[in-house]
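A.B. asks: Residues per chain are reported as follows:
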Amino acid sequence: MDNQPEELATNATSSRRALLASLIAGASVAAVPFLAGKASAATDSSPTTTAPPNRDDADNPVLNTLLARERAMVRAYKVAVSNTMSEEEKNVLLYFHGNHIAYVDALKGFLGPAAGPDNSSAAVTPTGSFNDIASQLIAAERETANAHTAALAQIVGISAASLVASIVPVEARHITVLSIASGQPLNAALTN
Amino acid sequence: MTESQRSSLSRVDRRTLLRTTGLAVGAGALLAACSESDGTGLARVGTVPERATLEDKAVTDTVLLRTAMSLEYSAINTYKAAGDAGYLSGNNSAIEAVGLFVAEHQAHAQALAGLISAAGGTPYNQSNERIDSVYVNPALALIAESEDPQTDTLLFAHALENLATSTYHHYVSLLNSAPLRAEAIRIGADEAQHAAAIVHLLKPGLTNVAPSLDENGNAQPASVPGAFSSLASVTVAVGPANEAGQKTTIIMDTPSLNSLAYE
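Going down the list, the protein sequences come from chains W and S. So the first sequence is numbered by this note's numbering: it starts at 1 and just counts up by one. So the second sequence is numbered by this note's numbering: it starts at 1 and just counts up by one.
Honestly, the hints are just simulated from the structure, not real lab data. Where a beta carbon is used, it is the ideal one built from N, C-alpha and C, also for glycine. Do not rely on the hints blindly, as some may be mistaken.
Stretch by stretch, here's where chain W covers chain S in the computed footprint (C-beta under 8 Å, at least three residues) [as the list claims (entries may be wrong)]:
hint, stretch
1, 95–105
2, 169–182
3, 186–196
4, 221–227
Could you put the whole structure together from the sequences, leaning on the hints where they help?
C.D. replies: What follows is the structure in structure tokens.
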């Protein structure tokens with residue numbers, strides 16, 4: 001620039017400024033439709049809903065009721081296992097016993113410090129032949145699954161509802177397996 | 001070329017670049033201003049066909065219940081197709097069971113219709129087109145070519161009942177109404193019982209209650225596949241075996257945004 005004539009330097013500067021100005025102006029005009037599109041999108045009215053909360057402490061009492069019921073089921077299966085002779089049948093009862101322990105753990109974990117004390121007795125004390133034991137457990141499973149289902153109609157929090165919903169179908173499966181294994185007709189095995 | 005000439009050439013190049021760019025943007029802006037708008041706020045040059053606008057559909061409780069209802073009809077139609085094709089002929093236990101399942105699916109559809117109407121919606125009295133086209137119809141076509149259509153029918157029915165269970169389980173987390181969540185899982189529990197009973201039809205006794213593997217390391221259907229109901233994809237292998245002895249695997253997922261029965 002130092003060896004450039006003064007006039008040329010001035011003209012070049014003013015010409016560059018003019019070009020830059022027109023560039024910015026052009027870009028601004030070109031951007032208007034985009035900005036207008038954004039603005040109209042932002043003002044679109046879309047349906048709004050109030051989503052249920054993930055967690056609500058108001059659910060704790062009903063969850064504690066379910067926890068107590070599951071503890072009672074764990075005790076019932078413990079008695080059933082001790083009164084079952086066949087290894088194959090005992091394995092099935094042990095498997096279901098383990099599932100109910102998992103429900104106790106899950107509900108206890110969900111409730112945390114709000115979990116109630118463990119003072120429930122066995123839901124049933126199954127004795128007799130395997131068919132007798134199974135029918136007592138079926139009745140207990142039905143009552144438990146129905147308690148969970150009824151609780152779902154009250155539970156507000158989505159997380160608690162999802163947890164309970166993951167338990168009910170498996171307890172229904174317990175009913176079917178025990179019904180079929182104890183020789184009950186299929187329509188009885190499909191009743192929950 | 002002297003230093004002065006190089007400097008002069010450099011200035012001309014920069015100017016030319018700026019001038020050209022400025023003209024290009026200016027011309028673009030002018031054309032954009034003169035062109036039509038397609039309603040999206042984006043300017044365009046020339047004539048293009050009008051784009052179809054996707055409707056803004058909300059996933060409401062009634063949409064979820066309608067979808068569940070469509071799944072009930074897909075299950076009913078599957079059982080009817082298998083029955084019409086005679087895949088279960090000679091297996092009276094399976095025929096009796098399928099009769100009970102169909103009756104329960106029809107009862108579920110009726111119950112759902114009542115819930116949908118009570119919620120101000122319109123019941124959906126047909127099967128799920130998407131589920132049929134991507135899962136049910138291909139499975140039935142494979143079963144038609146199978147060396148053992150009876151077993152494959154039961155395997156696919158087991159998978160379909162598990163899919164229905166997962167759908168109701170999943171919808172509990174989507175439904176806004178707590179009483180509807182209870183109704184959903186009540187039906188989902190029925191579907192789970194169907195699945196458990198089908199395992200007994202496939203292999204009577206207590207050997208397939210818990211998850212297990214066959215001699216080749218393949219997972220066997222289980223009456224009680226886990227402590228908690230699963231939301232994972234449901235897989236089933238049906239149809240003629242290939243040279244390696246493998247059947248075609250169908251991986252099924254619960255109805256999602258592209259397969260809901262919108263109103």
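A.B. asks: Now look at each hint and say whether the structure bears it out.
C.D. replies: Cross-check of the supplied hints:
Against chain W, the stretch 95–105 of chain S contributes 4 residues with a C-beta closer than 8 Å to a partner C-beta. That satisfies the three-residue criterion, and the hint holds. Given as covered by chain W, the stretch 169–182 of chain S passes the check, having 8 residues with a CB less than 8 Å from a CB of that chain where 3 are the minimum. Here the stretch 186–196 of chain S counts 10 residues with a CB under 8 Å from a CB of chain W, which clears the bar of 3, and the coverage holds. Three residues within the 8 Å Cβ limit are the bar, and the stretch 221–227 of chain S against chain W gives 4, so the coverage statement holds.
Checked against the numbered hints given earlier, this structure breaks none of them.
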